[in-house]
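J.: Residues per chain, in single letters:
There are 2 protein chains.
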Amino acid sequence: MVLPFDILEYHERLKATKQRMEEKGIEVLLITDPANMNYLSGYDAWSFYVHQMLVVIIDEPQPLWIGRFQDTNGAKVTTWIYDENVIGYPDYYVQSAVYHPMDFIADILKQIGQGNRNVGVEMDNYYFSAMAYERLKQHLPNAAFKDASALVNGVRIIKSDQEIEYMRRAARIAEQAMVKGVESICIGGRECDTAAEIYYQMVKGTPEYGGDYPSIVPLLPSGENTSTPHLTWTERAFLEGDAVIVELAGCYKRYHVPLARTVSVGQPSEQLQSITPIVVEGLQDVLSSVKPGMTCGEMEEVWRNSIKKHGIEKESRLGYSVGLNYPPDWGEHTASIRMGDSTVLQPNMTFHLIPGLWFDNYGIEISETFRVTETGAELFTQYPQDLIVRDPLNISPSDKIS
Amino acid sequence: MVLPFDILEYHERLKATKQRMEEKGIEVLLITDPANMNYLSGYDAWSFYVHQMLVVIIDEPQPLWIGRFQDTNGAKVTTWIYDENVIGYPDYYVQSAVYHPMDFIADILKQIGQGNRNVGVEMDNYYFSAMAYERLKQHLPNAAFKDASALVNGVRIIKSDQEIEYMRRAARIAEQAMVKGVESICIGGRECDTAAEIYYQMVKGTPEYGGDYPSIVPLLPSGENTSTPHLTWTERAFLEGDAVIVELAGCYKRYHVPLARTVSVGQPSEQLQSITPIVVEGLQDVLSSVKPGMTCGEMEEVWRNSIKKHGIEKESRLGYSVGLNYPPDWGEHTASIRMGDSTVLQPNMTFHLIPGLWFDNYGIEISETFRVTETGAELFTQYPQDLIVRDPLNISPSDKIS
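As you go down the protein sequences, you meet chains R and V in turn.
Residues in the first sequence are numbered consecutively from 3, following the numbering used here.
Residues in the second sequence are numbered consecutively from 3, following the numbering used here.
If you're looking for bench data, these hints aren't it; they were derived computationally from the structure.
Even glycine gets a Cβ: it sits at the ideal position worked out from N, Cα and C.
Some clues are possibly wrong.
[Stated by the list, open to error] Derived lysine to aspartate or glutamate pairs resembling EDC-like cross-links, with alpha carbons at most 20 Å apart:
1. V:K78 x R:E226
2. R:K78 x V:E317
3. V:K255 x R:E237
4. R:K78 x V:D362
[Said to hold, decoys possible] Here are some chain V residues the structure puts well away from chain R; computed CB gaps all over 12 Å:
5. F7
6. E86
7. H312
8. P330
9. L381
Construct the entire structure; sequences and hints are all you get.
T.: Written out as structure tokens, the structure is:
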């Protein structure tokens with residue numbers, strides 16, 4: 003298998019990671035976040051549902067991959083690290099009430115003389131459970147544990163040109179998925195029918211670039227369910243006058259470009275008609291203010307002032323840094339666009355700006371993913387920044403049944 | 003929104019959960035596994051990428067849902083619990099280096115007089131991080147924490163008739179996804195093209211039943227990558243003579259029926275031809291041995307003896323209990339079909355029996371999902387139990403480009 007990045011890029015990433023380890027006094031870093039594992043080693047497989055990790059040792063040139071034995075072939079195939087640094091634990095450790103993979107991993111660390119060092123762990127990561135930490139502490143009594151949450155994520159926040167190129171490919175896929183998804187929305191069509199169209203486009207990709215699975219499924223609430231942002235599709239059939247929120251991401255080699263739009267099946271409600279220009283104005287105000295040196299908190303302030311003129315407030319964050327990830331989230335867990343976030347914008351940072359508003363019985367999402375350039379913001383996708391109105395006379399469900 | 007189960011079924015589930023709590027001396031159970039949250043409350047949304055939980059208090063009739071404020075509408079819409087038991091935390095708790103949702107949740111628990119009780123937590127669950135546990139312990143110094151891993155999962159292991167009905171619908175979706183996926187495999191077709199066809203079918207479902215997203219994406223290694231089980235699709239184009247492993251699940255209202263087959267593009271290799279009847283015989287030997295009262299360990303023994311005749315050994319487990327779940331796993335994390343597992347089979351237990359074999363440069367998977375009946379095993383899907391051979395003369399990639 004061909005690595006998605008030049009070997010030198012992986013070496014640079016590892017170097018930057020070790021620099022941060024040194025700053026934090028970490029000698030051995032146990033990486034359990036699959037995106038961080040991928041970022042440093044190339045490892046790419048749906049094996050994160052069992053315990054596994056990449057071990058970065060400050061004074062060793064190569065990381066170790068430790069995971070389930072049956073996944074070791076995958077680690078050899080998808081990473082740049084030497085085969086002898088790929089270690090598998092026997093299958094009886096998997097989802098057992100007796101054995102735990104961290105017991106095995108702790109033994110390996112002791113055997114290679116790392117059991118009494120300063121060990122960094124990603125404390126608030128889906129793939130480092132409370133039990134994993136307890137077992138490590140129990141079996142490595144002489145190690146000093148330090149929180150390394152988001153240590154590697156912090157290295158990831160500025161993208162390389164190759165990463166930006168992958169996001170541009172993801173953007174082509176996002177556009178095409180949005181176009182076909184919106185086209186499929188019609189009276190009597192079901193949410194699941196539209197989700198199927200979107201998935202087909204997302205996964206097939208283009209003739210040049212195959213699509214990858216996004217870390218979040220397309221979110222597709224319709225009708226009153228647009229009042230809540232994270233409902234997935236159901237069998238509900240669209241009615242005339244429904245609003246439908248479509249939030250999706252194109253994904254290429256695990257790099258995401260999210261895109262959200264709100265669609266009206268026929269004549270939009272008065273509420274939607276009056277809120278739309280406020281959201282679009284706020285979105286454009288933020289985008290035109292972006293420049294290196296500004297903070298994420300200042301971006302939020304631009305938005306807040308823009309919507310305040312219309313008597314609107316937003317409780318939740320306005321967006322987040324985005325790029326490489328695995329389920330259950332495509333957000334990077336670094337910078338958030340919200341009050342008080344002091345992250346300073348730099349060229350090749352990438353954000354999903356999603357000023358969603360959710361009220362008691364309806365909601366709206368119109369979003370953009372952008373790159374910070376030397377002078378401003380560059381959008382990844384080209385899709386009308388507006389409420390999308392589907393003419394119910396021109397569409398019928400019978401066209402769509404396949 | 004209509005609940006997928008009768009309210010009485012939710013009450014039964016809660017009662018069985020409280021019985022187990024009592025046996026373990028747990029007074030307050032903090033449920034963070036999204037499948038367990040769904041099982042007891044109906045909650046269904048892609049919001050598990052932020053901290054959230056269902057709180058079951060032994061002497062209170064209703065659970066509490068505590069999560070992100072913007073998801074509270076979703077909790078009100080999808081659950082049977084009263085609106086006043088749905089509590090949201092402000093957005094500044096989300097993915098922050100300063101605030102943690104468990105601080106908020108601990109305060110709520112203290113306010114309602116639960117801060118000094120025996121508190122059960124799901125220690126080895128993706129959605130209960132090491133940090134979540136540390137914060138809870140810090141803010142609830144008078145609570146006694148107990149491991150409640152798989153407590154609710156244990157209740158889930160025997161399915162109700164309604165759950166079985168949902169799995170039957172998932173099975174129709176799995177069959178159709180496998181048929182269309184296999185049909186799309188051709189010389190020059192890409193792995194991503196086949197994955198797109200599968201996804202389309204899985205999500206669209208049938209005219210009667212819309213599909214839901216499976217908790218694992220279709221796994222689709224081809225060529226030498228069949229030697230490793232968890233690689234996802236790539237842009238690789240199929241070549242004549244390739245083997246392709248297709249592992250997928252139909253999903254309906256979060257209930258899964260997995261199905262795996264191995265496909266040969268044209269004439270299969272001699273290796274594949276000779277291993278296939280051994281796997282099929284072993285699979286059928288196990289299926290015909292299944293009956294209530296047998297243990298999971300005994301199922302594995304039947305398989306081991308069957309393949310031993312041919313000089314084959316399998317290192318990894320043979321299958322697992324399956325049903326309701328959320329990413330990243332469709333397995334239930336209760337019984338495994340492997341040596342030493344003492345789970346006793348009972349009617350309406352459901353398993354994915356997947357005797358996959360992976361060698362240095364190829365592999366094979368032919369699986370079945372079955373229900374334990376009063377007397378034996380009933381398969382969910384009807385699909386030939388064999389190596390599927392695609393005739394490369396009858397198929398061309400140009401037919402498939404849409």
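J.: For V:P330, which was marked as not at the interface, is the minimum beta-carbon distance to chain R over 12 Å?
T.: 4 Å, violated
J.: Is it correct that the beta-carbon of V:L381 has no partner in chain R closer than or equal to 12 Å?
T.: 24 Å, holds
J.: Regarding the pair R:K78 and V:D362, is the alpha-carbon distance no greater than 20 Å?
T.: Holds: R:K78 and V:D362 sit about 11 Å apart, inside 20 Å.
J.: Quickly compare the C-alpha distance for R:K78 and V:E317 to 20 Å and report which way the hint goes.
T.: 19 Å, holds
J.: Run the C-beta distances from V:F7 to all of chain R and say if the shortest one exceeds 12 Å.
T.: V:F7 clear of chain R: closest Cβ-Cβ about 15 Å, beyond 12 Å.
J.: Would you assess whether V:H312, listed as outside the interface, keeps its beta-carbon beyond 12 Å of every beta-carbon in chain R?
T.: Given a closest Cβ separation of 20 Å, the condition holds.
J.: Holds or violated: V:K78 and R:E226, Cα atoms, limit 20 Å.
T.: This hinted pair holds, its Cα atoms lying about 12 Å apart.
J.: Say whether it holds or is violated: V:E86 keeps its Cβ farther than 12 Å from all Cβ of chain R.
T.: 16 Å, holds
J.: Decide if the proposed pair is consistent with the structure: V:K255 and R:E237, CA atoms, cutoff 20 Å inclusive.
T.: 10 Å, holds
Going down the numbered hints, you'll see the structure goes against just number 8.
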